[in-house]
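Chemist: Here are the chains, one letter per residue:
Number of protein chains: 2
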Amino acid sequence: MSEKITIYDIAKKLNITAATVSRALNNNPKIKESTRELVLETAASMNYKQNKLALALKSGRSNNIGVIVPRIDSNFFASVIRGIEEELYPHGYQVIICQTHENPKRENENLYTLIDAQVDGILMSVTAVTNENDKAFHNVLEKNVPLIFFDRSKHINGVSSVTINDFKGGYIATKQLIDQGCKCIAHLSGDQSLEIFKNRFLGYKQALLDNGITFNEKYVIQSKSSVEAGKNAINILLELETPPDAIFSSSDFAALGAIEELRDRNINIPQEFCVAGFSNEPFTKFMELSITSVDQSPLEMGKMSARVFLEQVAKTDSIKIEKKVVLAPELHIRKSTSREK
Amino acid sequence: MSEKITIYDIAKKLNITAATVSRALNNNPKIKESTRELVLETAASMNYKQNKLALALKSGRSNNIGVIVPRIDSNFFASVIRGIEEELYPHGYQVIICQTHENPKRENENLYTLIDAQVDGILMSVTAVTNENDKAFHNVLEKNVPLIFFDRSKHINGVSSVTINDFKGGYIATKQLIDQGCKCIAHLSGDQSLEIFKNRFLGYKQALLDNGITFNEKYVIQSKSSVEAGKNAINILLELETPPDAIFSSSDFAALGAIEELRDRNINIPQEFCVAGFSNEPFTKFMELSITSVDQSPLEMGKMSARVFLEQVAKTDSIKIEKKVVLAPELHIRKSTSREK
Chain A
1 MSEKITIYDI AKKLNITAAT VSRALNNNPK IKESTRELVL ETAASMNYKQ
51 NKLALALKSG RSNNIGVIVP RIDSNFFASV IRGIEEELYP HGYQVIICQT
101 HENPKRENEN LYTLIDAQVD GILMSVTAVT NENDKAFHNV LEKNVPLIFF
151 DRSKHINGVS SVTINDFKGG YIATKQLIDQ GCKCIAHLSG DQSLEIFKNR
201 FLGYKQALLD NGITFNEKYV IQSKSSVEAG KNAINILLEL ETPPDAIFSS
251 SDFAALGAIE ELRDRNINIP QEFCVAGFSN EPFTKFMELS ITSVDQSPLE
301 MGKMSARVFL EQVAKTDSIK IEKKVVLAPE LHIRKSTSRE K
Chain B
1 MSEKITIYDI AKKLNITAAT VSRALNNNPK IKESTRELVL ETAASMNYKQ
51 NKLALALKSG RSNNIGVIVP RIDSNFFASV IRGIEEELYP HGYQVIICQT
101 HENPKRENEN LYTLIDAQVD GILMSVTAVT NENDKAFHNV LEKNVPLIFF
151 DRSKHINGVS SVTINDFKGG YIATKQLIDQ GCKCIAHLSG DQSLEIFKNR
201 FLGYKQALLD NGITFNEKYV IQSKSSVEAG KNAINILLEL ETPPDAIFSS
251 SDFAALGAIE ELRDRNINIP QEFCVAGFSN EPFTKFMELS ITSVDQSPLE
301 MGKMSARVFL EQVAKTDSIK IEKKVVLAPE LHIRKSTSRE K
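So the sequences go chain by chain: A and B. Counted from 1, the first sequence has number 279 at position 279 by this note's numbering; the numbering is strictly sequential. Counted from 1, the second sequence has number 138 at position 138 by this note's numbering; the numbering is strictly sequential.
These are calculated hints, taken from the structure and not from any lab test. Using N, Cα and C, we set each Cβ at its ideal position, and we do this for glycine too. A portion of the hints provided could be inaccurate.
To be verified - Quick look at which bits of chain B chain A covers, simulated, 3 or more residues with Cβ under 8 Å:
no. : region
1   : 12-25
2   : 31-38
3   : 287-294
To be verified - Here's a subset of chain A near chain B, in silico, CB distances under 7 Å, partners left out:
no. : residue
4   : Ile-97
5   : Cys-98
6   : Phe-215
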């Protein structure tokens, strides 16, 4: 690679300080017009290219926003990102995306990568609730880079979040299964250290209690958000002495896996077994046996996160107001839980 | 935001030049040990944080790789990115992603954003073949940042690419429809300025000719890669005097839309009408009426693009070898084109 011409090279050639070169290039009024012209001419003759980022290092603004998500191959996260872009693009911001693949170490690296890329803000969904990335989060805050959580959040003082009411989401999905006459409702739960999954579980539990159904721990299977995990869960659940007659899954992907496994076993859905998912991924609607799912308004969540960011940077005072925006979930009832009466 | 401490502030305090401060911080051997210690102590006392990116500006390496795709909400692009990450992460590279939303202006902005973020390379799938972004592409090359195209490429001297044999993909999908007894095969084509779509179309056309079927221009509908576009295409095609009895769609999303519209019209698939798609998106497999589709080995495509990048940066000579890697497509035959004999 060819050597990059720096302001130090220009300074050396003109026998002036690098600071003077820098000020001249940045039109600092303290610099004499004749000096400015000399610097500009010399810079041009040396093929010096002023780097926008070098300017950002000085001005503290790059107009880039970093977004960190566990994965991009989920319609939910892709839609949140679209919402963020739709809101921020008219304000001149470019969005750059990193994914953690559900790995806290990658999350840590993503945080430093984005800070190094001089982003003006980080909007993210956390991967897991551990303390191991606390230093990385505080590094962001110390650099005065606004940090906003969406969907999956973590309690950090001064950090705003945009989430949905996951408790309610779990509640309404379970209630619909009860309304269909299901008596033994299992739950595929996600990582319980994450609030979203904990709250979906608590909503599920409350719906059972409110409707006189005893909560049975054996019906709760902690599973990943994957088709494979849903299949495995069915294999475990159908081995129970009293197998369930319905599942509320905290993930659409696991719900899909459950449905595939039930079909392979020739169990009739929804007549013998009802399945409801969470996230309203497009495939839930497109399947011939469409899947009931809880919609999380991802586009709105993205836009709202972006608005919270814009509000935060617009604030001229140094008082930080922690904002907690909670959106309402919406149940989309489809064939997988619609029994004929 | 609090003012950022710069090397100029340290230089001013110590009454030395910024260049001296910079050299001291970067352990330049020309600097006296006593000066170095003084600078380090002063920097620490002023809470100066050396920015990794500022170092990158000097060293020319950030260990970040930029990836630009038309959209992230397609399993194909998400999988290519996963392949890139799997290959580059063990080499210490972090991947940052931008999406163009099929908009050349956004593509242009993405290119400058990533260059400003000091990426060490850009791996991308172009959005459209226009000349309007030539300056942005040449800006990347002038900065000696390796540029590699995957899937959708554009001819630029010295730029390597990794694609699949789209002609063959179009050919084998169409041939399968012919083998099922379809006589009037329509084609939903994408933007014909992009080679991938042009080659799929040419493969389709060749398969017809090789099998004694006359090519009919009216059967070719240029459509976007969306469910809506597939529905609209069916509406146009069924209005023809001789409506087709099959579709080879260059997009799975459009194929899905076509299937939905055919179902709404109570047209039996595959007995009355066969539909084949392209990309092997996961939903094509998961649907009860699974969709025949051409697999593009996206994970392999991503890994291969990453390998081409690694080879390029490992080269010590300045001779650039343009590499054209072409992967083989694979047809996955499913229910949407499997007639009972």
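Chemist: Which numbered hints turn out to be false for this structure?
Modeler: Violated hints (numbers, rising): 2 and 6; every other hint is consistent with the structure.
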